[in-house]
Structure formats: structure tokens, C-alpha cells
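Which chain is which? The protein sequence lines are Z and P, in order. Per this note's numbering, residue 1 is the first one in the first sequence, and the count goes up by one each step. Per this note's numbering, residue 1 is the first one in the second sequence, and the count goes up by one each step.
Because the hints were derived from the structure by calculation, they are not lab data. Please note that the accuracy of each hint is not assured.
Distance ranges between label pairs, derived from CB positions [unchecked claim]:
#1 P:T88 / Z:R76: 44 to 54 Å
#2 P:T93 / Z:T17: 12 to 22 Å
#3 Z:K60 / P:Q65: 31 to 41 Å
#4 Z:R76 / P:D46: 17 to 27 Å
#5 Z:K73 / P:E68: 17 to 27 Å
#6 P:L32 / Z:R76: 17 to 27 Å
#7 P:Y7 / Z:P97: 30 to 40 Å
#8 Z:D46 / P:T69: 40 to 50 Å
Below, computed lysine-lysine pairings styled on DSS-like, alpha-carbon distance capped at 27 Å [unchecked claim]:
#9 P:K73 / Z:K60
#10 Z:K73 / Z:K31
#11 Z:K67 / Z:K28
#12 Z:K73 / Z:K60
#13 P:K73 / P:K31
#14 Z:K23 / P:K23
None of the values given here were measured: they were computed from a predicted structure. Think of the CB as a built atom: it goes at the ideal place given N, C-alpha and C, for glycine as much as any other residue.
Number of protein chains: 2
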Amino acid sequence: MYVVLVYVHVFSDQIETFTIATKENAEKSSKLESGVVRFDVVQQADDPARFVLIEVYRSKEAAAQHKETSHYKNWREIAEPIMAEPRTRAFYTNIFPEDI
Amino acid sequence: MYVVLVYVHVFSDQIETFTIATKENAEKSSKLESGVVRFDVVQQADDPARFVLIEVYRSKEAAAQHKETSHYKNWREIAEPIMAEPRTRAFYTNIFPEDI
């Protein structure tokens, strides 16, 4: 498994726009992409303008393929301009569970 | 849902010890605690001494109860002394999926 954590900080007046766009991307990613095991979106408890996308892929290649989808490109078009700073990413492999 | 991300950096010669102890804690947490939805452990791709525990609880209370379990206390006893720096935590609520 190949796990990507994406950290996003949006402008505080754009939280709803970001949430709607990101839910749609997460739903389509998890339903339509066979390489996506799970695509969770969480919102920081003490700062609702901060989010983490917890993206679990079957392989590194599946993560690359995700970026070619129309739903990802639509999300990026809406989400990037409303970010208060560039998003950051970190990459992981699963330790537990072994099969996620 | 109540999601806790725990960031751990261990001494590089203690990766195996940490991995074994953390797998055991994750397995017992997810099997034995009804308040735990998921307890994933991932290892950073470009630095295997860094880990994230992705802990998904049904409630904030369930997260507090986790800290009272013997498997958590055993884990802490093994893991804390081999951390290269104090672990950090951040707290979240789920946006997608709505029921995790």
C-alpha cells in the first residue's frame, strides 16, 4: 500500500467551498478508482480551516493515475486558488493493518 | 468520529522494536475496543524512523478510554523511551466518509 497525507490550509471564508469540492473528489476517487483503497478527509478540531486528506492507494502507480482523473483536475481547479498557503504532502507505507 | 494523528520519530536503531510494539497496540486497540473504528500505522517512505498513527474513534470519550487500556500502557512503556523526540498529536473530525 502507498499512503499519502496531504495537508491543506484554506482561507477561513472558503471552508464550505473547499469542503464541498473535496467531498466530491473523495467520493469519486473511492468509488471510481480501483487503485484507491480509501480516501478520507478530516478537518482539524481546533482550526476548521485546516484539513488532511488521507489517501490510501494500492500502489505508487495508482497514486500517479489519480492525478490524471477528471475529478482530481476539477478539485485542483477549485481548491488551489482558495488555499491560504501551498499544500504539503508526505508519503508512507502501511505497517498495520498489513492489508489495509 | 474523532480522529487523532500521532507523529512519532524513533531512534534509527529502534525501528524494529517500535514496529513490533506498535503493531501489537494497533491490533489490540482495533480488536478489543468497541470505541475504535480503525487504528492504522504508517511508516514514512523517505525516513523509516518516522511513523504516523491514524487513530479513528467513535467519540472523544473513546479516545480517552483508549489511554486506560493495558495494551496502550504497555505500548507507551516500550515506545516512549525509544523516541528521538516527544511525539506530537493533532485532532480532527471526519468530513468524508461521513460514517468512516
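Evaluation of the provided hints:
1. P:T88 / Z:R76: 44 to 54 Å: 29 Å, violated
2. P:T93 / Z:T17: 12 to 22 Å: 18 Å, holds
3. Z:K60 / P:Q65: 31 to 41 Å: Since K60 of chain Z and Q65 of chain P have Cβ atoms about 37 Å apart, the given range 31 to 41 Å holds.
4. Z:R76 / P:D46: 17 to 27 Å: The hinted range 17 to 27 Å holds for R76 of chain Z and D46 of chain P, with Cβ atoms some 24 Å apart.
5. Z:K73 / P:E68: 17 to 27 Å: 46 Å, violated
6. P:L32 / Z:R76: 17 to 27 Å: 41 Å, violated
7. P:Y7 / Z:P97: 30 to 40 Å: 20 Å, violated
8. Z:D46 / P:T69: 40 to 50 Å: 25 Å, violated
9. P:K73 / Z:K60: Violated, at about 35 Å.
10. Z:K73 / Z:K31: Holds: K73 of chain Z and K31 of chain Z sit about 16 Å apart, inside 27 Å.
11. Z:K67 / Z:K28: Holds. K67 of chain Z to K28 of chain Z sits at ~13 Å (cutoff 27 Å).
12. Z:K73 / Z:K60: Cα-Cα ~18 Å, so holds.
13. P:K73 / P:K31: Holds, at about 16 Å.
14. Z:K23 / P:K23: With Cα atoms ~31 Å apart, K23 of chain Z and K23 of chain P exceed 27 Å; violated.
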